[in-house]
Amino acid sequence: MKSLSQNKLYLVLFSCFLAVSGFNPCGAQVKNNKIDLSGTWSFQIDSLDRGISEKWFDKKLDDKINLPGSMTTNGKGNDITINTPWTGSIVDSSWFLKPEYAKYRQPGNIKVPFWLQPVKYYKGAAWYQKTVTIPASWKGKYIEFFIERSHWETIVWVDDKEIGMQNSLGSPHDFDLSKELTPGTHTITVRVDNRIKDFNVGQNSHSISDHTQTNWNGMIGKIFVAARPAVYLDDIQLYPDLRNKQVQATIKIKSLNSNASTGYIELVATSANAHSEKLKPVKKQIKTEADSAEIELVYPMGNDPLLWDEFHPNLYSMKVSLNTKSGTDEKIVGFGMREFKTQGSQFTINGRLTFLRGTLECAIFPKTGFPPTDVESWMRIFKICRSYGLNHMRFHSWTPPEAAFTAADRSGFYLQIENSSWANQGATIGDGKPLDQYIYDESNRVVKAFGNHPSFCMMAYGNEPAGKNYKEFLTSFVNYWKKKDARHLYTTAAGWPVVPESNYNSTSDPRIQRWGEGLKSIINGQPPKGNYNWSEIISKWEHPTVSHEIGQWCVYPDFKEMKEYTGILKPENFQIFKDQLTENGMGRLADSFLLASGKLQALCYKADIEAALRTPGFGGFQLLDLHDFPGQGTALVGVLNPFWEDKGYITGKEYSKFCNSVVPLALLPKMIYLNNEKLSVPVEVAQFSGVPLNNVIPVWKIKNASGKILFQGQLPKTNIPLGNAISLGEIKQSLSTVTKASRLVLSVSIGSYENSWEIFVYPASLPEIDNGILVTQQLDENAIRVLNKGGKVLLTLEKGSVKAENGGDVKIGFSSIFWNTAWTHGQPPTTLGILCNPAHPALKDFPTQYYSNWQWWDAMTHSNAINLDSVAKGLQPIVRVIDDWVTAKPLGLLFECKVGKGKLLVSGIDLLTDNDKRPEARQLLFSLEEYMGSNSFKPQTSVPVKNITDL
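Per this note's numbering, the very first residue in the sequence shown carries number 1; after that it's consecutive.
Bear in mind the hints are in silico, worked out from the structure with no lab data behind them. Please note: incorrect hints may appear among the correct ones.
What the hints assert, rightly or not - Pair by pair, the computed Cβ-Cβ distance ranges are:
#1 Lys64 with Ser689: 52 to 58 angstroms
#2 Val945 with Asn676: 39 to 45 angstroms
#3 Gly723 with Glu376: 46 to 52 angstroms
#4 Val945 with Ser93: 38 to 44 angstroms
#5 Val119 with Val268: 46 to 52 angstroms
#6 Thr949 with Ala839: 30 to 36 angstroms
#7 Asp591 with Val945: 43 to 49 angstroms
#8 Gly826 with Lys529: 24 to 30 angstroms
For every residue, glycine included, the Cβ atom is placed at its ideal position computed from N, Cα and C.
Produce the complete structure using the sequences and hints provided.
Structure (structure tokens):
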């Protein structure tokens, strides 16, 4: 019998023979000097952290798992319980405490409202293992082990030797296994740990948080080992120089030994554009004296290089060949000839003014819980964003995979990248903690991996920092990168601080509602208009300003969406909200609530976006969000759902009328007019189409609700340069011929670009009504006497007069909910506008759609919501208020009932106080009185008078 050592020797020799013949016993084929490691891996959970001490790298793991993927996509981990150790702040802890959530805390029926709920959960170490056979031809070569994205800390062993640890959240993990992967069969073991350990990026960072991406454990994207010559290309960075029509190439070369190496480098750039100029190769002789060297080359781009921007995303590929006696190493690097710069307070692309119309991407991928690594998925996302008029995307506290950059390059999308951190709510930056160095390391890794992409235009450390010294730290961070790499623009952080050293500012100051403003914001605290801008706010800064996270306007949940969650994340939060609505007797109204609140949401976003576009010299905006944010207590802030699909109340075509490269803007001083007034409206345009618009004749029209043109005209013929706040003239039109209360649509068009606004015109004088109706603000003895005699009473309640338990505690306002009530601690308004039947005869003389429009601003700011159940169960109102989906109470603004022998119409809107200054209140009061005096006023529900007085 042969000895054990002899058997091992024969096994190694046999494996080498198989490898030379191209056979790999693990099933992976050697192709182009690369072994693809996707497929089945051995696997084991290490919940007790015994793996290292018990040397799991030197034993066969018990379980199996498929990669690329995560433990969750493989069904590995623990069931969700009330003790699941989530990663992310839970600001509202009522789910753990309140009795109404008790049924959702029971084993087998766990449903959390904080975020989408994964089917399995695991936080800790897990081990992954793969056997590879290295061919004999790889001897002496550089061998890398490449993991495109791991989540997140990886420690790698080859057989029983530890190689090292990597912990990047935003770039590949790439290990040098040259010494260990000798020809023959080896075992690669990877320990992945998804706990916050040495450095704390912040538990709400979208790079790690269960709020969106989920804190998954695994490896995704490309996973392989590959061989390259012993002298190889380590890094290639290309720096376009438009003025000199050339590219500066900085090339880092590494060698497995310190011996001198000679050879040459060759560069040749090509373009897929058939009309591009054919470019010639550039060669340079090299000699390396040590194990690493840096070479700089200038590559001429011809007489007329194609430039990259949002309108013409022209791309080049640079093939870099390194030829030495150890062989030829080649890399192909994509790049674009572009310069993203600043000019005063605005951005430029290749010397032309541009304006950022952006949204956030917060790592929201409900099917997998992690981002896609294929280009097609990202192309779809950018195509949808483009259809809504956007040209920019900010990656909130995370960096996407390579495929996102590639798709953005092809789509002409400008990206802001962040280095995986939101150092707040339990984390800080600038205080000497390990995170400080990590941010420098991570940003260098990210720029090395993705810095050549023309779409990579901007970078911040991350989001909304905290710490005693964060301002000084982030200022130094900006200065470091400004000096090191001029291809990108840099700011301290998304949100704050604003410092003069930044290339641009990111601040929430310029938006129509800021965090905590509630009913004092522009949209809730000031009568509706369309002529304000952010000039005063930005006047103190010299650099471009991008408004941070504008919008955050909510919409009611779309319960039809629930069937789309076929992956690892489930909408158990939606099930809670749906149950609440059904229990309160309004399940049938879910779709109506969605559409009505959606129309209000779109109106709020239009106001936010247009204010930015109206601001002279403004840099741009970043929406929160074009699509829903499923975490932080459920923030339904998108006109699109998490799958980037529209919800049925606004299309990309409609949205892009007010969000586009060219947007006409009517600077309406108000939205409500009397017919004895003259419409005087300055007209401007925001024009960032890339070229001047010459010989343009702006056209304006005013139509009634049925589409009939009432008035129209032209503004002077003009040439429109790039920029915004460009005056086109003024619309002047008498409204005297509008004799009835009307909803009118004002539109302005510039060629194919058109934008429109709804305004409301009411008669300046209304006829006296003498039909015996008692209009009162109190149901006093006189009012009750009228009702008992069979009379009619219109009870219009003073604001603040409704008891808290009857609806007085509802924080009503015009706008929809900002972010959500859980994370804002009930910031008002906590409602989502109105729902009504516009054909109801009570509203005949108060023209309305089924949802809130500007004419309801006065009513919502002078009203109490009334809990209809406190009047009569099942009472159907004329005008309903849509409550927060968490509480889903049946709320009304207007309802009618029989009281005794009489008829009562109750208005939660105060229609009397100061109504000489409130044309909407006068008009609505007139409409209600006309209705009550008609044969149509026939209340069906009888209500005891005490139920009314108890309000």
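Each hint tested on the structure:
no.	hint	in the structure
1	Lys64 with Ser689: 52 to 58 angstroms	holds (55 angstroms)
2	Val945 with Asn676: 39 to 45 angstroms	holds (42 angstroms)
3	Gly723 with Glu376: 46 to 52 angstroms	violated (36 angstroms)
4	Val945 with Ser93: 38 to 44 angstroms	holds (42 angstroms)
5	Val119 with Val268: 46 to 52 angstroms	holds (50 angstroms)
6	Thr949 with Ala839: 30 to 36 angstroms	holds (32 angstroms)
7	Asp591 with Val945: 43 to 49 angstroms	violated (36 angstroms)
8	Gly826 with Lys529: 24 to 30 angstroms	holds (28 angstroms)
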